[in-house]
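Once you've looked at the hints, dock chain B against the given chain A.
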Amino acid sequence: MHSNALQPTGQGLDSSAQPKTFVAAILLVEDEPVTRASMAARLTRLGYRVLEAEDGRAGLDVARRERPDLIIVDWMMPEMDGPTFCEAVRRDPLLKSSQILLMTSHDKPAQIAEGLLRGADDFLSKAASRQEITARVLAGLRTSRLVRELETTSSQLESSLLLLQAKQEEMETDLHSAAAFVHSLLPPQGSPVQGISLAWEYQPSLTLGGDLFGVMAIDAEHLGLYILDASGHGVAAALRSASLMTFLRAENIIQLIGSYDPEQVLFEANRRFPLSADGEYFTLWVGQLHLPTGRLTYASAGHPGALLSQTQSPARWLMRSSFPLGFDPSALYACDRIVLKPGDRLFLLSDGIYEVSSPGGELWGRERFQKTIDEGKPMSLSATIASSFSAARGWQQAQHFPDDAAVVGIEMTGDPDERLNG
Amino acid sequence: MKIKERVLPQGIILDLEGDLTYANQAAFKVAVEKAKQAGCRHLIVNMEQVRFVDSAGLGLLVLVSQSFKRLQAQVSMLKPQNYVREIMSLANIPKMIPIYENEQDALIARAA
Numbered sequence: 001m002h003s004n005a006l007q008p009t010g011q012g013l014d015s016s017a018q019p020k021t022f023v024a025a026i027l028l029v030e031d032e033p034v035t036r037a038s039m040a041a042r043l044t045r046l047g048y049r050v051l052e053a054e055d056g057r058a059g060l061d062v063a064r065r066e067r068p069d070l071i072i073v074d075w076m077m078p079e080m081d082g083p084t085f086c087e088a089v090r091r092d093p094l095l096k097s098s099q100i101l102l103m104t105s106h107d108k109p110a111q112i113a114e115g116l117l118r119g120a121d122d123f124l125s126k127a128a129s130r131q132e133i134t135a136r137v138l139a140g141l142r143t144s145r146l147v148r149e150l151e152t153t154s155s156q157l158e159s160s161l162l163l164l165q166a167k168q169e170e171m172e173t174d175l176h177s178a179a180a181f182v183h184s185l186l187p188p189q190g191s192p193v194q195g196i197s198l199a200w201e202y203q204p205s206l207t208l209g210g211d212l213f214g215v216m217a218i219d220a221e222h223l224g225l226y227i228l229d230a231s232g233h234g235v236a237a238a239l240r241s242a243s244l245m246t247f248l249r250a251e252n253i254i255q256l257i258g259s260y261d262p263e264q265v266l267f268e269a270n271r272r273f274p275l276s277a278d279g280e281y282f283t284l285w286v287g288q289l290h291l292p293t294g295r296l297t298y299a300s301a302g303h304p305g306a307l308l309s310q311t312q313s314p315a316r317w318l319m320r321s322s323f324p325l326g327f328d329p330s331a332l333y334a335c336d337r338i339v340l341k342p343g344d345r346l347f348l349l350s351d352g353i354y355e356v357s358s359p360g361g362e363l364w365g366r367e368r369f370q371k372t373i374d375e376g377k378p379m380s381l382s383a384t385i386a387s388s389f390s391a392a393r394g395w396q397q398a399q400h401f402p403d404d405a406a407v408v409g410i411e412m413t414g415d416p417d418e419r420l421n422g
Numbered sequence: 001m002k003i004k005e006r007v008l009p010q011g012i013i014l015d016l017e018g019d020l021t022y023a024n025q026a027a028f029k030v031a032v033e034k035a036k037q038a039g040c041r042h043l044i045v046n047m048e049q050v051r052f053v054d055s056a057g058l059g060l061l062v063l064v065s066q067s068f069k070r071l072q073a074q075v076s077m078l079k080p081q082n083y084v085r086e087i088m089s090l091a092n093i094p095k096m097i098p099i100y101e102n103e104q105d106a107l108i109a110r111a112a
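Chain order of the listed sequences is A and B. Mapped onto this note's numbering, the consecutive letters of the first sequence carry residue numbers 1 to 422. Mapped onto this note's numbering, the consecutive letters of the second sequence carry residue numbers 1 to 112.
Excised from the complex, chain A in its bound form:
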């Protein structure tokens, strides 16, 4: 303890009778021993724990050590007077919110103003009555309690915020890892088999997307294709999509139904992925390309479809009305067939690419998307896809899409005889 700091003179209320009762601590800083003893006695009689200091420096030491609920400081003191003490308290990060009553024998307005400006909260006349002392001390303690509650709340909020930030960083790291994993499951761009080019662009609306697609060899003569779209967004949708993607793996489907016949794939998927209790479901487009002939067999479960772009005619949609997966457990999905010729391009896409609105609220829509595909014929496959994304972004005047956006392009580049899986 600092040599100038004096021990508390009293314990206020009977602590043995009320051991758990909170007793407010008041620091009394006064150089004049008689005045200090007199005021300390009055405060002790009022039931407070009184800490005493005989000058400003000792008062600061006691305040830092004891964190009193209220400080009463005399104006006139040698070396460090009351207002200077107030300024020192306000500069101290530990003490700056302390409540200070400046004790003075004067009550001139100019002096009061100076005291307030230099950091005092209120004034107490040395000649104050018992009632006035009680009232001012109570008011000071009330404010002190509120300030401390505020500080506690603020400190708790800060801790919670730090905790939340740490959790969020952890979650984002996990999400990025999951997104990287899902991305690794997507087919590599280039040439999945000789005579066929594959390019795609995919922008999930969040880190993890619910739209996924696959292009994979089924056997030496067949290429399997699919694109799925999970309703909703975010992690839940992405997890459901990953589950369907696992189901759609070639080896799994072959084991289950013996072929990658789109009709049967959809029938089985419809049985296994019902509408959830929250109304979540998938749309799915599945195709099987016979490599030697270019014959494409495809079926859709409520998916917006695929777009066929041929060299000599405008692009056309390969679609028909059908229930998304899970809407009707007994639904059947019929197949359609077309033959793809060298130069033909097939685009699988999610509706997120064209369901974007201009700032005025107008949808970009399927027709405008189709136009970018038609106009992209002279360009490379990847450049055509990139131009569709660029046009959609230009329309919505934003880089990020409100929903997952995916466009997968397949181009028949070579002679049918070349198109065999090695």
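No lab work stands behind these hints, which were simulated from the structure alone. Be careful, since some hints might not be right.
Label pairs and their computed distance ranges (CB to CB) [unchecked claim]:
#: 1; chain 1: A; residue 1: A217; chain 2: B; residue 2: Q66; range: 35 to 45 Å
#: 2; chain 1: A; residue 1: A220; chain 2: B; residue 2: Q66; range: 39 to 49 Å
#: 3; chain 1: B; residue 1: V7; chain 2: A; residue 2: R142; range: 48 to 58 Å
#: 4; chain 1: A; residue 1: S259; chain 2: B; residue 2: V7; range: 51 to 61 Å
#: 5; chain 1: A; residue 1: S259; chain 2: B; residue 2: S67; range: 34 to 44 Å
One side of the interface only, derived from the structure: several residues of chain A facing chain B at Cβ under 10 Å [said to hold, decoys possible]:
#: 6; residue: E280
#: 7; residue: Y281
#: 8; residue: S300
#: 9; residue: H303
#: 10; residue: P304
#: 11; residue: D328
#: 12; residue: A331
#: 13; residue: E355
#: 14; residue: S357
#: 15; residue: L363
#: 16; residue: G365
#: 17; residue: R366
#: 18; residue: D403
Computed from a predicted structure; not experimentally measured. Yeah, the Cβ is synthetic: ideal placement off N, Cα and C, and Gly gets one too.
Only chain B this time, still in chain A's reference frame:
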């Protein structure tokens, strides 16, 4: 999304205004639940002022239709705009939720 409820002797009409999407489906859920609690036998969803329905909105409509069916009640749709109609048609929704061009037809169809 704004929803106005009109209670008629033959059912309840919900006049929707705004997009029926993942982000703003809560108001629709509340309105449907209220109609269900009121013992509604025919819920008519007026889509005339709905510009856009996303996949989550579509799923919600199907879910509502199925839950009404379990109660021997029905959900119908009124005057969807062209783009919404196209989305509904692609997902075969008219087979589950009949679409009508005016209130009278919707009300009569259920009564019949």
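To see whether the hints hold, each was checked on the structure:
1. Separated by about 39 Å at the C-beta atoms, A:A217 and B:Q66 satisfy the suggested range of 35 to 45 Å.
2. Range check, A:A220 to B:Q66: Cβ separation about 44 Å, and the 39 to 49 Å hint holds.
3. The hinted window of 48 to 58 Å between B:V7 and A:R142 holds, with their beta carbons roughly 55 Å apart.
4. At roughly 54 Å, the beta-carbon separation of A:S259 and B:V7 lies within the given 51 to 61 Å, and the hint holds.
5. Taking 34 to 44 Å as the suggested C-beta distance range, the pair A:S259 and B:S67 conforms, at roughly 37 Å.
6. For A:E280, the interface hint holds, since its Cβ comes within 10 Å of a Cβ in chain B; the closest pair sits about 6 Å apart.
7. A cut of 10 Å between beta carbons decides the hint on A:Y281: the least distance to chain B is about 5 Å, and the hint holds.
8. Look at A:S300: its Cβ gets to within about 9 Å of chain B, closer than 10 Å, so that hint holds up.
9. This hint holds: A:H303 has a C-beta 8 Å from the nearest C-beta of chain B, less than the 10 Å allowed.
10. Interface restraint check: A:P304 against chain B, minimum CB-CB distance 6 Å, threshold 10 Å, status holds.
11. Interface restraint check: A:D328 against chain B, minimum CB-CB distance 8 Å, threshold 10 Å, status holds.
12. At about 8 Å, the closest approach between the beta carbon of A:A331 and any beta carbon in chain B falls short of 10 Å, and the interface hint on this residue holds.
13. Of the supplied interface hints, the one on A:E355 holds, with its beta-carbon coming within about 7 Å of a beta-carbon of chain B, less than 10 Å.
14. Satisfaction of the interface hint for A:S357 is found here, the shortest Cβ-Cβ separation to chain B being roughly 8 Å, below the 10 Å cut-off.
15. Nearest Cβ of chain B to the Cβ of A:L363: about 6 Å, under the 10 Å cut. The hint holds.
16. The interface hint given for A:G365 holds, since its Cβ lies 7 Å from the closest Cβ of chain B, which is under the 10 Å cut-off.
17. Below 10 Å, beta-carbon pairs count as interface contacts, and A:R366 has one with chain B at about 8 Å; its hint therefore holds.
18. At its closest, the beta carbon of A:D403 sits 7 Å from a beta carbon of chain B; the interface hint therefore holds under the 10 Å criterion.
Every hint from the earlier list agrees with this structure, and none is contradicted.
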